[in-house]
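As a plain string of letters, each chain reads:
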Amino acid sequence: MTQSPYATVDARPSPLRRLLPPPPGAAGPRGSTLLRHLVLAVLAGAAVVLLTNQLEPYRNLQVARVCAFLCVTAGFTILVGLNGQLSLGHGALMATGAYTVALVQRGLDGRDLRGQWSVPLSLLLAVAVTALLGLVIGLAAARLRGPYLAGVTLAVATLVPAVTTIFTGVFNGEQGLPFPVATPPAFLGAYFQPERWLAWIALLAALLTMLLMANLVRSRYGRSLRAVRDDEVAARLAGIHVARTQVLAFVVSAGCAGLGGGVYAVLTATVASGKFPLELSLFLLMAIVIGGLGSLAGAVWGALLLVALQDLPALLTEAFTLPGGLAQRLEGNLALAVFGLILIVVMLVAPGGLQDAVRKATARLGRRRPRPSR
Amino acid sequence: MTEPLLRVEGLHAGYGAVPVLRDVGLSVAARTITAVLGANGAGKTTLLRTLSGLLAPTAGRIVFDGADLRGVRVERLVHRGLAHVPEGRGVVAELTVDENLRLGGLWRRDRADARRALDEVYHLFEPLARRRQHAGHQLSGGERQMLALGRALVARPRLLLLDEPSLGLAPRVTAQIMALLQRLRDDTGLTVLLVEQNVRSALSVADQGVVMSLGRVAAATTATRLRDDEHLRHAYLGF
Amino acid sequence: MERFLFLTLDGLSTGAVYAAFALALVLIWRAARLVNFAQGAMAVATAYVGYAVVAATGSYWLGLAAAVLAGLLLGALVERVLMRFVGHANPLGDVIVALGLVLLIQAVLGMVFGNEYRPAAAPFDTDGLTVGGITAISPYDLWVFAAVAVVVVLLALLFTRTPIGLRMRASAFAPEVSRLLGVDVNRMLTVGWALAAAVGALAGMLVIPTGLGLHPHAMDLVFVIAFTAAVVGGLDSPVGAVIGGLLVGLILSYVTGYLGPDTTPLAVLALLLAVLLVRPGGLFSGVRARQV
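Protein chains in written order, with the UniProt record's numbering: chain A, 1 to 374; chain B, 1 to 239; chain C, 1 to 292.
In case anyone wonders, no lab produced these hints; they're calculated from the structure. Each hint should be verified, as a subset may be incorrect.
Here are the computed distance ranges between Cβ atoms for each label pair [unchecked claim]: (1) A:A327 x C:P123: 27 to 37 angstroms; (2) B:G141 x A:V345: 42 to 52 angstroms; (3) C:L158 x B:A218: 34 to 44 angstroms; (4) B:S213 x A:V349: 40 to 50 angstroms.
Okay, derived cross-link-like pairs now, SDA-like style, lysine to any residue, Cα gap no bigger than 25 angstroms in a straight line [as the list claims (entries may be wrong)]: (5) A:K275 x C:R118; (6) A:K275 x C:M111; (7) A:K275 x A:K360; (8) A:K360 x A:N172; (9) A:K275 x A:P57; (10) A:K275 x C:F113; (11) A:K275 x C:F85; (12) A:K275 x C:A267; (13) A:K275 x A:V338; (14) A:K275 x A:V307; (15) A:K275 x C:G260; (16) A:K360 x C:G93.
Each residue gets a CB set at the ideal place from its N, CA and C atoms; glycine is no exception.
Work out the full structure: start from the sequences and follow the hints.
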């Protein structure tokens, strides 16, 4: 007998069937999904490009920072929200991407190899190196669950200052590594705003990431990721390789974190271990949870939130004239306390996060019908 | 006619959206043994879990000793004289025999009587006395059943809810436990609501029988009639 | 050899603190099946309270008592106000809420006390006594050993000899059965959190004078190390937590002593991964008993 009696699709219990990859004939609107995402990305990109033409340099840098964080949060929300693996070490992965970019840029500059290709090349290498590190962590993570995984990744997050100090010859300890700034190409004119150019680089990276992630979510792998999160045993029964799926999720989200960290380094033209403290990993988690776990739109909210967390303190001290000591204490801490509180409240009463709230609000206003839940 | 110790009216309960009990009504007179019988999935265990508050009813009333039990927290029921020995015996495997038994009487104010009750249980179940310091997971199936039952008795309950005491036990041990229930009823006035798969041994000691089927009470009558009525036996009990 | 002896004693002393902190983690794990990722921040908060009382009264002992009391209250509060309401729909919920608490506590501490290191005086001399030309244990190390030993003994007595200890163990192992036997499982959970946070507060008071001082982030790395210690011993085992703490303290003392202080995080991660991948239940876990 060549065929197992259990091989017929109908024999599978119905709750499992939605976890299964669709039969080849009924591939569904996969091609059109890709096209739709592409159109959306081009439209969003065009809108932001137009926006950057109107903005002053500081605002453009803000846009660029949002885009850099979006690379990270988009991949991170897929790991945590869609695949159910908690990582408290994504700040360290961002650092990996950032240091890779710095080292590559310095290496190229030292050999007089300059040109517009250097930034994409170093970003590509940042993704590759970080994805490789993600593979290593992911292989360990696939054997760990819940608090154990959280603890291990938290230990990873503490590594950055240690590694940069131990290998101070390479990473230059706490001082960090400055490298040449990415300048706009000559054909844009001599008076082209450099910050706008940086915003464009970050935007391109963010759009690419969002496009890839959006398609990943809709793909067979996206369904596998969710299936593994919801019920590992059921997923295994449905023929999903659980460990491989988990490792893949880690690699993808690590690659995204590496890209985001690399872009961030390009924006500041320097890296230093102090920019990647333990809290950064917690901030990233906070951002995607408040934004809405597992949702790419939530990742956008999260990226905005991260930049707000960086910039609100300065606004606060500008807006109110506070006595020096108090201003210094409130700076940073007040916004953080508020966001920490929001994180707790979101987790306790509104696990869907901002994106869910926005969706419900717009649905209530009747501007559009609510999307069916995932 | 005197008020029954336990009266259940129009009880509905279930797990999430899945209803299990539908309109269950029964009454248990004091100083009697009532056997709840029925096939697997008839709702017997769910009935006991609802009676002891582990599962909230969606509708209906549970009146114990004249008081409605609605809103009474699980951990307070034992204070009112209701003890539940859950299915699978509920021995805390990590605790010793002695700790399990003491746990049963910790809530009692009357420390002296709690100690007395403990001694009585050790007297009643000789094997437990010999294994005081053994952990729960070291006991045999019969010993665990004795421990679970003994632990409930330390509370000196008036109503004992007993879920499948014969499960996995040798017939001789089952017979001993059934005989013990009878003795407790006669000597101390204990009332027992006994869920059993083992119909013959349950009916051998029960005064009343309640037959459940698909979450409803299909028949409620005396144990003698259940034993003798061939029609009822064939329809619900399968022998 | 002299250096080895010094590192051993030093490692055992810091290991004792890790042991206490790991014990606090194990207490909550056993009671609620969750790792309290906010424990480091909670301990720092109580240490600030403790040292505020030290500054106000001039008495270390009053400050220590205040910190432990603050720990009891904070632990109970966190359980009653937050952790009780974390749904089980999302298995990551408790970790994320705890991390939210970390951010909140650290931010509030920063607002109230400032983000700089504040000196925290030790009640005893932290310099090692020199006996026969060999620099060995300091009076402060001896105090740490004594304090942790007393806590361990008190906890052991509480759990094995008192009715409330029996109730707490029963609710942890079999919550439903315990409720049927009249145990208020929810209250036991609150007591468990309070106890754990109090032990954490003591550990915080003990460890902070040995580091750079009081700072909202003073316990970040200590938490990771204590988590490692708890995992080494098996999250289920209080005895394992104590042994794990001492073991991790020793290992880290040798590593940092011979390879430099910056290697600590690397060694912690390596140790954590090694234990989790080779013996996930920990070295002293009671897995056998739980399989029944």
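(message) Going through the numbered hints above, which ones does this structure break? Give me the numbers in ascending order.
(response) 3, 7, 8 and 11
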